[in-house]
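> Turn these sequences into a full structure, and let the hints steer you where they fit.
Residues 1 to 483 in this note's numbering are what the sequence shown lists, from first letter to last.
Errors might be hidden in some of the hints.
Unchecked claim - Per label pair, the in silico range of CB-to-CB distance:
(1) Leu71 / Lys458: 27 to 33 Å
(2) Glu453 / Arg147: 53 to 59 Å
(3) Ile130 / Glu313: 38 to 44 Å
(4) Ser142 / Glu351: 24 to 30 Å
(5) Gly415 / Asp304: 23 to 29 Å
(6) Arg147 / Arg119: 48 to 54 Å
(7) Ser142 / Gly60: 49 to 55 Å
(8) Glu209 / Leu73: 41 to 47 Å
(9) Arg363 / Thr431: 54 to 60 Å
(10) Arg147 / Ala411: 38 to 44 Å
Just so you know, the hints here were simulated from the structure itself, not pulled from any lab data. Beta carbons are placed, not taken as given, at the ideal position from N, Cα and C, and that holds for glycine.
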Amino acid sequence: MIFRAGARGNSHSIVSCTNGSRVATSMRCSGRWSSTSRIRARPSCSIRSLCPAGEGLMSGRAQTDDLRTLLGLITAHEQWRGQCLNLVASENIHSPSVAQLLASDLSGRYGDYHGRDLRRRKYQGTRYIIEIEELADRLARSLFGARYAELRPVSGHLAAAAVILALARPGDTVLEVDRNGGGHRTAAKLSASTQFPLVVHPVPFDPHEHTVDAERTVALMRELRPRLVILGSSTFLFPHPVKAVADTARDLGNTVVIYDGAHVLGLIAAGRFQAPLVEGAHLLVSSTHKVLPGPQGGLILSDDEALIARVSEAVHPGLVANHHLAHVAALAAVLLEMRATGDAYTQRTIENAQALGAALAGRGLTVIGAHRGYTQSHTVVIQPPSGQNASTAADQLEAAGIITSVCSLDASLGGAGLRLGVQEITRAGATPAVVDEVADLIAEVLIRRRAAESVTLKVRRLVTDRLGARPFDLTLEESSRHA
1 MIFRAGARGN SHSIVSCTNG SRVATSMRCS GRWSSTSRIR ARPSCSIRSL
51 CPAGEGLMSG RAQTDDLRTL LGLITAHEQW RGQCLNLVAS ENIHSPSVAQ
101 LLASDLSGRY GDYHGRDLRR RKYQGTRYII EIEELADRLA RSLFGARYAE
151 LRPVSGHLAA AAVILALARP GDTVLEVDRN GGGHRTAAKL SASTQFPLVV
201 HPVPFDPHEH TVDAERTVAL MRELRPRLVI LGSSTFLFPH PVKAVADTAR
251 DLGNTVVIYD GAHVLGLIAA GRFQAPLVEG AHLLVSSTHK VLPGPQGGLI
301 LSDDEALIAR VSEAVHPGLV ANHHLAHVAA LAAVLLEMRA TGDAYTQRTI
351 ENAQALGAAL AGRGLTVIGA HRGYTQSHTV VIQPPSGQNA STAADQLEAA
401 GIITSVCSLD ASLGGAGLRL GVQEITRAGA TPAVVDEVAD LIAEVLIRRR
451 AAESVTLKVR RLVTDRLGAR PFDLTLEESS RHA
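Printed below as a string of structure tokens:
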């Protein structure tokens with residue numbers, strides 16, 4: 001296993017190993033694959049390597065004990081999650097090359113710039129940083145077919161907040177998808193903070209079709225004449241009617257349509273699910289780490305020069321000063337990776353999600369959107385079996401090593417369900433045949449009510465034997481061929 005130092009001359013430098021892990025160390029570490037899972041690798045490092053005897057602050061017994069506790073917790077977490085079926089729809093696993101860039105020297109540097117000019121820097125020492133950001137900007141615009149990209153938001157939430165703060169004023173009316181439709185509700189959260197009061201109304205949502213109700217939304221827009229309409233969902237099973245909403249916004253003259261693509265950005269990058277900017281959305285806001293297997297962060301895309309200029313001023317200096325340069329470099333690597341393998345990866349992801357929906361329905365679980373083919377994304381939503389609530393069901397699955405998340409549903413559907421995402425296991429090599437086995441394990445817990453201990457052994461065996469190929473990972477050298 002090869003390890004690369006992220007910064008020279010530092011006795012406790014960050015070291016990145018090619019298996020995707022990183023650790024602070026002053027000595028060598030040996031990386032190895034977990035004996036129980038090939039999905040995640042972890043480094044084998046001693047307390048001594050991180051805390052050499054006699055080195056000042058860290059030489060005391062209390063500090064050593066705390067460090068031992070910290071490393072023990074990290075190791076326990078990685079071992080446990082490495083043995084689990086990770087079905088959280090908002091998470092993913094990086095390629096080793098992405099983790100390597102996150103641990104590069106860029107992680108400790110600043111590169112603030114003003115407005116839209118990537119060369120107008122506040123800090124010295126950025127000659128190569130400028131070129132890295134220009135490359136990332138070009139890759140983002142090319143992959144998503146957008147005229148303008150803003151890569152400085154450090155989260156999807158901040159990306160959405162920047163757009164709202166830039167384009168709305170206190171007291172403006174905003175329509176956004178609410179909790180039962182899976183909406184992130186950025187406007188409602190800003191308004192609830194009392195610092196930026198807005199008049200927020202829910203976008204009409206059809207719970208049985210599990211998408212925005214276009215006819216009712218258009219009627220409400222004509223009635224309220226909102227400043228902003230925010231589409232998008234964290235349970236994004238089917239596309240939203242962007243064109244109908246955008247056409248109405250154009251008729252109204254002063255309404256801006258924002259598409260929160262966080263959960264489906266990887267699908268959009270590969271030309272799947274929908275093309276919100278082409279369909280008329282003024283801005284696309286997103287995180288970068290769900291179906292898109294990137295580092296945690298945010299981005300904003302637009303074809304409107306005037307709007308993106310206002311938004312960029314809200315991003316910096318309003319919300320973000322240091323915009324995490326290592327994230328930008330790692331994101332560039334992910335965009336190159338998606339250019340090379342994104343088509344195959346996203347096709348397999350959708351196939352796996354649809355196969356999971358069908359397999360769960362075949363085992364007696366109620367799957368939202370079954371009459372529409374279950375899903376057109378990476379996400380499947382199920383109702384808990386009769387007599388169970390969603391939180392209890394999620395706890396039971398976790399006890400068996402199956403990690404999911406609870407989501408809100410309309411009261412007519414029970415008020416809450418379980419959200420399952422297949423993007424991570426797809427990157428680990430899952431096929432529809434493997435997904436069928438996953439469905440059977442879920443049914444063992446929720447339908448057959450098997451003891452968690454017996455199911456856990458089967459989960460670990462499945463993870464070890466069937467999930468470890470990582471067919472969509474690329475090295476930096478392989479990614480460079482697609483620059």
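> Next, verify each hint and record whether it holds.
Right, here's what the structure says about each hint:
A beta carbon spacing of about 30 Å between Leu71 and Lys458 agrees with the range 27 to 33 Å that was offered as a hint. Range check, Glu453 to Arg147: Cβ separation about 55 Å, and the 53 to 59 Å hint holds. A hinted range of 38 to 44 Å for the beta carbons of Ile130 and Glu313 is inconsistent with their spacing of about 20 Å. For the hinted restraint 24 to 30 Å between Ser142 and Glu351, the CB-CB distance of approximately 26 Å keeps it satisfied.
The hinted window of 23 to 29 Å between Gly415 and Asp304 is violated, with their beta carbons roughly 39 Å apart. Taken as a hint, the range 48 to 54 Å is violated for the pair Arg147 and Arg119, whose Cβ atoms sit roughly 19 Å apart. For the pair Ser142 and Gly60, the supplied restraint of 49 to 55 Å holds, since their beta-carbon distance comes to about 53 Å. Between Glu209 and Leu73, the C-beta spacing of about 44 Å keeps the proposed range 41 to 47 Å intact.
In this structure the supplied range 54 to 60 Å is violated for Arg363 paired with Thr431, their Cβ-Cβ distance being about 18 Å. A beta carbon spacing of about 42 Å between Arg147 and Ala411 agrees with the range 38 to 44 Å that was offered as a hint.
Of the numbered hints listed earlier, those contradicted by the structure are 3, 5, 6 and 9.
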